[in-house]
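Asker: Sequence:
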Amino acid sequence: MPTQFLEIAELLDNLEADIRHQIADRKLDNPLLIGIHSGGAWIAQHIHQRLATTEPLGLLDITFYRDDFSQIGMHPNVKASQLPPHLEGRNIILIDDVFYTGRTIRAALNEIFDYGRPNQVLLAVLIERNGRQIPLQPDCRGSRIDLPAGQRIKLIGPEPLGFDLQTPACAA
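The opening position of the sequence shown corresponds to residue 1 in the UniProt record's numbering, with each subsequent residue numbered one higher.
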């Protein structure tokens with residue numbers, strides 16, 4: 001695993017500190033935390049406990065909002081999104097595990113806007129990696145890494161949380 005990787009606890013500490021700074025800087029009153037299934041939901045649960053927010057944690061499954069059905073097909077484990085019925089005017093902290101191309105976040109924003117127009121959306125990710133394809137970027141991150149083309153990082157869990165670094169056989 002590349003040397004720039006930190007332990008999960010340290011990444012969560014970094015992410016929490018970055019989120020707290022943004023909450024104060026943006027004056028976000030009573031933000032709603034929303035985690036993207038699956039890894040983002042696991043990270044969101046940890047951050048929700050650490051921030052001790054009063055709002056219930058929202059969960060988002062973006063399967064039906066993806067733009068790559070024709071390439072990857074339907075994900076076999078679709079989960080129900082659990083969001084308040086109205087997001088109009090709310091301050092939202094959207095949480096995911098790994099930010100890569102930006103397509104997952106674009107899909108998540110599309111689903112969120114179907115529930116209403118939020119006041120602000122703060123994007124927080126545990127890992128930001130190179131390879132962006134959509135003009136989006138995280139506001140908060142646990143760490144940023146660069147990986148060679150074809151290499152992927154996946155959060156595994158939920159307990160314990162860890163990383164799986166995947167290298168295609170032809171690149172090894």
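Derived from the structure by calculation, the hints contain no laboratory data.
Keep in mind that a hint or two might mislead.
[Unchecked claim] Simulated restraints on C-beta separations:
{"no.": "1", "residue 1": "GLU88", "residue 2": "ALA24", "range": "18 to 28 Å"}
{"no.": "2", "residue 1": "ALA80", "residue 2": "THR101", "range": "21 to 31 Å"}
{"no.": "3", "residue 1": "PRO148", "residue 2": "ASN119", "range": "31 to 41 Å"}
{"no.": "4", "residue 1": "LYS154", "residue 2": "ASN30", "range": "10 to 20 Å"}
{"no.": "5", "residue 1": "ARG26", "residue 2": "ARG50", "range": "16 to 26 Å"}
{"no.": "6", "residue 1": "GLN82", "residue 2": "ALA52", "range": "33 to 43 Å"}
{"no.": "7", "residue 1": "PRO148", "residue 2": "ARG26", "range": "10 to 20 Å"}
{"no.": "8", "residue 1": "THR167", "residue 2": "PRO85", "range": "36 to 46 Å"}
{"no.": "9", "residue 1": "PHE113", "residue 2": "GLU7", "range": "29 to 39 Å"}
{"no.": "10", "residue 1": "ARG20", "residue 2": "GLN82", "range": "19 to 29 Å"}
{"no.": "11", "residue 1": "SER143", "residue 2": "ALA24", "range": "16 to 26 Å"}
Cβ atoms here follow ideal geometry from the backbone N, Cα and C, with glycine treated the same way.
Asker: Confirm or reject each hint.
Answerer: Hints, verified against the model:
1. GLU88 x ALA24: 18 to 28 Å: Holds: the Cβ-Cβ distance is about 24 Å, inside 18 to 28 Å.
2. ALA80 x THR101: 21 to 31 Å: Holds, since ALA80 and THR101 (Cβ atoms, about 25 Å apart) stay within the stated range.
3. PRO148 x ASN119: 31 to 41 Å: holds (39 Å)
4. LYS154 x ASN30: 10 to 20 Å: violated (33 Å)
5. ARG26 x ARG50: 16 to 26 Å: holds (18 Å)
6. GLN82 x ALA52: 33 to 43 Å: violated (20 Å)
7. PRO148 x ARG26: 10 to 20 Å: Distance hint for PRO148, ARG26 is violated at roughly 35 Å.
8. THR167 x PRO85: 36 to 46 Å: holds (43 Å)
9. PHE113 x GLU7: 29 to 39 Å: holds (36 Å)
10. ARG20 x GLN82: 19 to 29 Å: holds (24 Å)
11. SER143 x ALA24: 16 to 26 Å: holds (21 Å)
Figure legend: structure checked against the earlier numbered hints; hints not met, in rising order: 4, 6, 7.
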